[in-house]
Amino acid sequence: MICLYDGYDIESFEAGRGLWHARIRRADQRPVIIGGHSFPALEVGFAWPDPDAAIADAKNHIDRCKHRWGEPEQPRVSAA
Numbered sequence: 822m823i824c825l826y827d828g829y830d831i832e833s834f835e836a837g838r839g840l841w842h843a844r845i846r847r848a849d850q851r852p853v854i855i856g857g858h859s860f861p862a863l864e865v866g867f868a869w870p871d872p873d874a875a876i877a878d879a880k881n882h883i884d885r886c887k888h889r890w891g892e893p894e895q896p897r898v899s900a901a
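All you need for my numbering is the position in the sequence shown, starting with 1, plus 821.
Bear in mind the hints are in silico, worked out from the structure with no lab data behind them. Any given hint could be a false lead.
[As the list claims (entries may be wrong)] DEER-style ranges, computed between Cβ atoms:
(1) Asp827 with Glu864: 11 to 21 Å
(2) Asp849 with Pro870: 23 to 33 Å
(3) Arg889 with Arg838: 31 to 41 Å
(4) Ala836 with Pro861: 33 to 43 Å
(5) Gly839 with His888: 26 to 36 Å
(6) Gln850 with Arg889: 14 to 24 Å
The beta carbon of each residue, even a glycine, is placed where N, CA and C say it ideally should be.
Please model the entire structure based on the sequences and the hints provided.
Here you go:
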């Protein structure tokens, strides 16, 4: 299950039976920079009982930390 949230792709995945986690990537495919280190993706959270809980936790991480990661580029709308 993948969803787009505020410029980030969130993918939920099961790592063990009934143990759901989330992976966050920038939708613009650029790496997330934390403390000068580049990460193509971040795996966050705990082992949640379902994919929706894992995605909700990832959204919470994005809301709390995106100002430290650098803002992803938003799609440009051309005025034609």
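Evaluated hints:
At about 18 Å, the beta-carbon gap between Asp827 and Glu864 stays in the expected band of 11 to 21 Å. As the Cβ distance of Asp849 to Pro870 is approximately 31 Å, the hint placing it in 23 to 33 Å holds. Checked against the hint of 31 to 41 Å, the C-beta distance between Arg889 and Arg838 comes to roughly 34 Å, which is consistent with it. The hinted window of 33 to 43 Å between Ala836 and Pro861 is violated, with their beta carbons roughly 18 Å apart.
Separation of Gly839 from His888 is about 33 Å and conforms to the stated range, judged on CB atoms against 26 to 36 Å. The supplied range of 14 to 24 Å is met by Gln850 and Arg889, whose beta-carbon atoms lie about 19 Å from each other.
The structure fails hint 4 only (numbered hints given earlier).
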